[in-house]
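Visitor: Following the hints, put chain B in place on chain A, whose structure we already have.
Chains as they are written, first to last, in full-length UniProt numbering: chain A, 1 to 345; chain B, 1 to 788.
None of these hints come from the bench; they were simulated from the model.
For each residue, glycine too, the CB sits at the ideal point set by N, CA and C.
Be aware that one or more of the hints could be misleading.
[Said to hold, decoys possible] So the derived list for chain B, only partly shown, Cβ under 10 Å to chain A, looks like this:
id, residue
1, Asn-167
2, Thr-490
3, Asn-540
[To be verified] If you want the footprint, here are the derived chain A segments under chain B, 3+ residues with CB under 8 Å:
id, region
4, 97–104
5, 231–237
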Amino acid sequence: MIDDIKRIGADAPARIAAATTVDELRTVEADLLGKKGELTALKKGMGGLDPEGRKVAGAALNEARESIETALASRRTELEAAERAATVASERLDLTELVDLPERGSLHLVTQTWDRLVDVFIGMGFTVAEGPEVETDWYNFEALNIPAAHPARGMWDTLYVDLGDPETVLLRTHTSPVQIRVMTDGEPPIYAVMPGRVYRRDTADASHMPVFHQIEGLVVDRNISFADLAGTLEAFTSAYFGGSIHSRLRPSYFPFTEPSAEYDINCVFCEGNGCRTCGQTGWLELGGCGMVHPTVLTNVGLDPEEWSGFAFGFGLDRLSLMRHGVDDIREMYTGDVRFLEQFPS
Amino acid sequence: MKVLLSWLQEFAPFPSEDPVALGDVMSDLGMAVESIERIGEGLDGIVTVKVLELRKHPDADKIQLVDVDLGDGEALQICCGATNLTVGDVVPLATLGTTMPDGMEIARRKMRGEWSNGMLCSGRELALGEDHSGIYILDPALALGTPIVEALGITPDVLFDLEINPNRPDAMSVAGVARDLAARLGLPFAIPTPAIDEVAGDAAAIASVDIIDPDLCGLFHLRVIEGIKIEPSPRWIADRLTALGMRPINNVVDASNYVMLELGQPNHTYDLAKVPGGSLRVRWARDGETITTLDGIKRSLTGGRDGVITDATDVPVGIAGVMGGASTEISETTTSVLLECAWWQPMAIARSSKFMGLRSEASARFERGVDPEIVDLAARRLVELLAPSGARLVQGSVTVHGDLPVTPAVRVRAKRVNQLLGTEISTEQIVSLLTPIGFVCEEAGEADVLSVTVPTFRPDTTTETDVIEEIARHFGYSRIVGRAPTSAHTGSLTPIQRDRRIIRQILVGLGIHEAMPLPFLAPGDLARCGLPPEAVTVTNPLAAEESILRTSLRPGLLRAIAYNESHRIDSAALFEIGKSFGVPTAGTTLPDEREHLAVAIAGSDAYAVAKVWAVLSETLGLDGIAIDQSTPPAGLHPGRSGVLVSGGVLVGEIGEIDPGVLDALGIRERVAWLQLDLGAALAEPHGEHRYHPISRYPSSDLDLAFEVSDSVPASTIAAVIREAAGPLLVDLSLFDVFRGHPVPESHRSLAYRLRLQAQDRTLTEEDLSGIQRTVVDGAASAGAVLRG
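For reference, chain A alone in the conformation it holds in the complex (with noise of 0.2 Å):
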């Protein structure tokens, strides 16, 4: 009997190692050590043996026992593996073979810069105030302190529709009466960026559009003064630009402010040391600004000698042609999807 169970024992390395799947594995366990197991069959032979016998060979049908047990659980284990890789190598799948994409959509460039300029300007303590397109002579014109017939009306190509009297109602050339909306319905400190369209008759070409937007803001606050205008636009230009983009201000006139300036940046494009965009001149001409003119302060019902304040503004759609180097603000309109995939954020 011992030697059988040696021979067993022996033997069993080789039939374990023999299995080549977990199934055939399962065959040799069952043979060896199953309930019909040549082990099993040998135990139930024991009963024959005297106490001394049985002793000696109880003990080395466990040591045999043990054995195979533990070279069954190797073998498994490698078989187990060699069976997962073979699995995992089958299911094996190019991802660049791809078929039927999901859909991606875009955001219009104007939204994208509308919203990034507007971020910034939160981030600087502003609120965001809209307006209607379609305003009357007083908002747009009258109460900016541009009356009927001022010379300074040519620099509005205005669009008018045939609503109330000949020439009262238009479609707004710039987003200041948002301004005199929000300083006529609200009270001071104000701190609000206005964005939104304009309208100028204008034919359209490859940098004007009879339809377009502005960002205009506006503080009006005690003590406000041309210092802190240049301040904010300088803090606002680093911010959105970048900190190597700095502003600058000189002279101009509008009817609604006084001092009025223009607002330009560093060329954003070769960082002002002249280039073809700039005109060699190192700088771009963003947009206008100026202390709030005490006349628009009046006409609102704010006192000029208590409240000061400054306004700023400038167009939206080339920021989005330069960010991106397009050079045809008719691209953005046309609503050709082969433009608008090409900038999803």
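Guide: The following block gives chain B in isolation, referenced to the frame of chain A:
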């Protein structure tokens, strides 16, 4: 406004060395330099040559071979594209190695196999004008080989092109620009006194004027000039006029223009012989009056809008401040001139010139406001310019006043200056900034308050703030130190602004592109899209396509869909958030302006937008908005569309574009369509998304399929199920829709999965069967029959 450096230097000793730096100062003063042109520069190497022979190029039709002589008798071959040459002409040649004014270098090169040893130049290539139609033909008497600068007597100069703001009437003249610039640079400024001899006589006996309407004309000054001999102007006058953009005509007209450009006083010269009795009248025009102006055009005048100067017989001889008349024009036979220097009401001239569509150098100055005190100087300067041809000023003058504005002194507080500018400028400094530009500052009797008398050439400056702007301008904007904002104010988006961002992000995530069609429509666009034609129209559109304001986003987005389709981009998915403009509601002036969201998905049926809507409404929490297909909106597919309703209020439309509309627009694919009135839809509180505790007990699913008539919306069945199932229903989904045998005709099977769960226990079989019974009964009440 263009100015020459040499001309500026007649008023102050400006340095010549660095025109760019000088230009920077002008820009910093608010006279923005648009360009700087160096006259006479870049012409080295260009010499006079004579054309010896013209030959055909053997291999090119548009080039001829020109043999020229540089004065050494040798023939030098040049290839030339111009055809205005004849043998014997003296012309400019850019010799080899020359760098042209535009930077081009002239090298020996072959043109179609023939050598060209230089380039013959046009006027534009020499930067002497705009003419590029042919080669610049020179005086045949010129010695050959002479440098062109010498041959033409060109004096090197610098031409600045300045952008002058409307509030700078003073800068509409060379002298005015010089004054501003000299003040900033601390240079002495003076307008030279004209040196003229007057002839005995009495202008007042020869000429007279009657101002009928004093609200039109503030001042009318007349002078008489004798000894006029019409001839071309001296070269230097003609050159300066040309440089500043005016065409030389004759000595009298040129002198008149010269004085306007130099001193800013537009003036008019009448042939005295053509003005009966030398008498003029000034009044508003009358309707129906006409006048033929100097440009030979007969113009109709409008009563009360245009001003006229008439002769003694009341016949118009000029349009006030805009343009003179042809009947009294200077001609070859003129011997005496009646000179008018006037001050016209700026608003009157602005209106007249705008509505007549006639802008002149004169009107541009009058409408900004000219200096009423410069008329005598202007007259004398004009005579000084004409004196070399024998002209003499007759003693005496006629000056008649109308309504001239009175400009009281302005009270300027130093404290206010610094408060508004954020500076610490002393009162003394203010005085030293204002004095050089002609402002007279006096003590106002209070500490640090000045009484500032504004010069007559600055009619724009009437208030303290106007003066503060001048102080800032001459102090230098760049010297005002920016104060970094230290705002205690908080910025934020409004709820609608936040919702818009959410909507856009969702739609982009669903694969839809944002478009921005123009809000203008052409007549017929609304009807073509199945929409009512009532709309607000544009009074003065540039094109018919831009004559109507949209009442819906539908036409614009469909046009974009059609555009894409026609460029082989099928199945475009677009959205827009924008305004529509309804006809004003009763009692209002402005249009019924509403912000809409619209989604158009080509190549998809109505389900595509219904799914978009499901995602949008769930994200925004717009549970109160329902789809009602009982009355499909006009222009949408009747069987596949409905309106979106919130508490009985119409807030949108959803479905598919009517095939008839698609046909009319030439769109092949189906187009799924959604439009939502954002203001109305988002008016009610929404999107709170309250927390529902998640139960720790197991859930159970109940699958139920019903046969439902096509006339009953699935949303009705879902609502009935929710109602019947009660609070134990945690999720309801429609997982199958089936039409066909054995489901009866005009019916479909709707299969729902109900997930049921309690917060406090595991549901029992009895719970489930009880709910099933209630749900089946409830569904039955809505006409849904449980399938076996």
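Visitor: Each hint should be assessed against the structure and marked as holding or not.
Guide: Here's how the hints hold up against the structure:
1. Asn-167: Interface hint status for B/Asn-167: holds (4 Å vs cutoff 10 Å).
2. Thr-490: Holds: closest Cβ of chain A sits about 6 Å from B/Thr-490, inside 10 Å.
3. Asn-540: holds (6 Å)
4. 97–104: Per the Cβ count (3), the hint holds.
5. 231–237: holds (count 5)
When held up to the earlier numbered hints, the structure conflicts with none and fits them all.
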